[in-house]
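Start from chain L and add chain B according to the hints.
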Amino acid sequence: MRTPGRALRAFGILAGFYAGTVGTLLALAALDVALVLHSSRASPVFTEAKVIGATVLVAVPLVRGLVLTRRRHDARPAGISVSRQEQPALWGRVLSLCDQVGVRAPEEIRLTPDVNAGVDEVAHLMGLIPGRRRMYLGVPLLVGLTVAQLDAVLAHELGHYSNRDARLAPTIVRGRIGVLAVLRSIGAGDSFAQQVARTFFTWYAELYLRTSQTISRQQEFAADRMAARVAGRDHTIAALRELPVLSAAYDLYLDQFIAPGWEAGVLPPPEEFFAGLRALLFEPDRRDALAPVREEPPEPERDPYDSHPPVSERIAALSLLPETDRVPSHEQPALTLIRDATRVCARVAETALPPGAAEKRTVDWDELARAAGRNSLATAGGTVLRTASTAVGAPVPDLPALLAAIDAGWLDIIAAALPGSPRARQATGRIAREFARTALRDAVIPLALLAMVDAGLAGWAHSWARGLHLRYATSPDALDRALDALVAGVPDTRPLRRLLDTAHRPPGPAPSLAPTGM
Amino acid sequence: MSRLYLLIPVVAAALWFIVRYRDGSLRRTRKPPVPSAARHAVPATSTEEPVWEYRPEDYGLVPDDQVNTQLAGPDPELTEALRAVSSGDWRPASALLAASGPEWRWIRLTALAKAAAEDDSWLRDWRGARPDDPGAVLVTAQSLIELAWQLRGSKQAQYTEQEQFESFGRVLAQAPPALAEAARIAPAEPAPYLGMISVALGQGWSHEQMTALWQEVVTRAPHHVGAHLLALQYWCAKWRGSHPLMHEFAETAAAQAQPGSLLSMLRLVATYEELLGQRTNHPGYHSPATTAAIDALLVDVRACPPGHAWLPAARHLLVWFLWAQRRMPEAAEQVRLVDGYIGALPWKYHPDPIKLYSPVRKHIVLHVDRVAGEGA
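Those sequence lines, one after another, are chains L and B.
Numbers given in the numbering used here equal positions in the first sequence, counted from 1, plus 51.
Numbers given in the numbering used here equal positions in the second sequence, counted from 1, plus 148.
Some hints here could point you the wrong way.
[To be verified] Simulated restraints, written as ranges between beta carbons of each label pair:
id: 1; chain 1: B; residue 1: 218; chain 2: L; residue 2: 303; range: 53 to 63 angstroms
id: 2; chain 1: B; residue 1: 217; chain 2: L; residue 2: 473; range: 17 to 27 angstroms
id: 3; chain 1: B; residue 1: 502; chain 2: L; residue 2: 541; range: 33 to 43 angstroms
id: 4; chain 1: B; residue 1: 164; chain 2: L; residue 2: 302; range: 49 to 59 angstroms
id: 5; chain 1: L; residue 1: 480; chain 2: B; residue 2: 363; range: 30 to 40 angstroms
id: 6; chain 1: L; residue 1: 480; chain 2: B; residue 2: 454; range: 31 to 41 angstroms
id: 7; chain 1: B; residue 1: 227; chain 2: L; residue 2: 480; range: 19 to 29 angstroms
Honestly, the hints are just simulated from the structure, not real lab data.
No residue lacks a Cβ here, since even glycine has one placed at the ideal position from N, Cα and C.
Chain L on its own, in the form it takes in the complex (with noise of 0.2 angstroms):
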């Protein structure tokens, strides 16, 4: 065990701050003081009023960057705590797990909503003084991982705790999460003093940060190898690669299957939130979208104070490892550590949306795909409308206005009004004409298919494997021939009309809108 030179040199800029900061302030107050005390009556009075002046002109900003490090404790941490009564299984693995890495035990445990893990202290002096000590878990972890592969994600962030490589490591990474929560919230005051404060603070605390760069980088390596021995390497590694995989497809599962839900007013019920982002992850056509993002973990955008090394790194360091003798096989998923996992999920998933949730509507996924695509198909449609509403100079507030507008030959005045690229825009005469004409038919597309979805001919279909996808009754050419005709040489609104006139419409089986997926 030893105590590198950089990493002291780390501790002394850390704990230097304050005895800085603080020892400037008594300077300046004993400078006022012996100013007062002796003060000869030869000397005007105001002179040694200036002098103070100057020094509490100096002290303010010294005083604002202390209360800048103060860490703000009032936002609420995510998530929800879970009681060691409550969870007994996923306490006892945490408890044991911290047992073999040889660190304190977690005050609290707290279930969020994001692929995360991570070990927090709320210290004090940026990290110089420990404190109470805090565990988050993603729920996606648990949907996602398997015990093993949790085991290694939160073997790794307890090793950053474990002193065992370096003594003053956890204090310099403790210090780095301080600092750089100090450096994130800091605030855009105007006042002089404070852009002097901020100005000093930032120069402090990337000084530090950058002392510590390597410490950190190789707590990163020396929490990978604690991993590899309670975990197992072929888990740790697993983990790794495990985890760009549910980042992405939690992303994508917000983006094609919340996000439509939420701008149309409509969510899932919160238990089906989390069994949602299982259903896709084990959807065979999304596992096999994923497979290269497991074989070739992509490196996200670095934020330039972040230690960790590569993911690639990572995996070959840790390949160079040898495998533990006793390789605990848990291969079951991590959600089975916890207890009535359906109630608990549905509770972390109240907490994965903004404020607002409560005034949607809760409904099931198939509600969902036709809420948010009918919404879609609405929102994108709009513009057209507006467009044409100005440019006509009355209101058009539907596709059957729209046509009528056409018919009217208002054709190409609402074409030449939608806005344009820059080759349509230098265009002239014909060209310009036909190049707005083919923006105005791409314009159309959604007032034609949301028509099409009221008239029953076609219907959005919820399926893991596609998200939310329309699914015709009808051939879909017969849409591409109407809307050519819609903007031809001619315009012709009959074919579009006779397509969405249902009453004209032969019977026929009605569109079948039963999901494809699970």
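Just chain B, lined up with the frame of chain L:
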């Protein structure tokens, strides 16, 4: 303590120095050395008149800025018709198309269709006044094709954007019904089928479909040079064919042609397509086959009636290939016969045709001039 006031100017001076130092005005900078010539105030040479300057007009050629880039050769009637339609009068165009033979009609039709692709108000008047005028129907159909290709632009597919492809496909799809109407009104006219070759090119027809279409063309006009040039494009490697298919098509057409039909120019067009982007020192420009093709076209051109619609285009090709083979006197002879118009291969493939043509003709005429001077 009151002496502290004395510090104020000192602090002010220090601040001034810091500011000036930071903006660099106090730092020593190396002045750029003054060139010795400039010190002696020599008058700039640029103000002097050049001793000698090449001017095309001194050699009986048309100045660069007066060269017509639209037409391959003079066609006063077409020029007049184009001028008339630009001022809204379609009557000369109607009369001209009706009076032209198939080769001339095709050339004039495409020129009018290009004009209509820019602005078709005169065309709509024409159709309104004479709905069944075959010329009007033809220009209407052909203008859709010209318009479609202008929407696409002439760049390769990878540089062409979605918006352009979509507009191209949409407008090109409007052409076949219009061409069918033209073919119905004038069943013996080959022009609608020539238009369909452009559609085949754009829509990527299969070889079988193209062969069937070609049959329709040759039954109406077996030796139509315009049709052969268009079909050659289809068989090019850059469109739906390959170099061997292109050469096979050109060779078949040239071998069966009568002297004076100018179909022998297909061989040179095919060679040019294959060598596109190569310098003229490429062996392809100097092979025995190329030399034979040049000589065959020279014979063909001499046998050709002077009013042949494609004679200027054939001469332009000869200028290029004779220049490439450094047969300057022969090249000069062709230049003198076609100078003033460059709306033909190879110049028209260049983004700015005069930039390609001007140096070539300069090289030719100066070379011939120098040889003549040495001989005297």
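So, going through the hints one by one against the coordinates:
In this structure the hint that residue 218 of chain B and residue 303 of chain L lie 53 to 63 angstroms apart at CB holds, the actual value being about 55 angstroms. For the hinted restraint 17 to 27 angstroms between residue 217 of chain B and residue 473 of chain L, the CB-CB distance of approximately 26 angstroms keeps it satisfied. Distance hint check for residue 502 of chain B and residue 541 of chain L: the Cβ-Cβ separation is about 40 angstroms, which falls inside the suggested range of 33 to 43 angstroms. Range check, residue 164 of chain B to residue 302 of chain L: about 56 angstroms between beta-carbon atoms, so the 49 to 59 angstroms window is met.
About 37 angstroms separates the C-beta atoms of residue 480 of chain L and residue 363 of chain B, a value consistent with the hinted range of 30 to 40 angstroms. About 37 angstroms separates the C-beta atoms of residue 480 of chain L and residue 454 of chain B, a value consistent with the hinted range of 31 to 41 angstroms. Between residue 227 of chain B and residue 480 of chain L the Cβ separation comes to about 21 angstroms, which falls inside the hinted range of 19 to 29 angstroms.
Of the numbered hints listed earlier, not one is contradicted by the structure.
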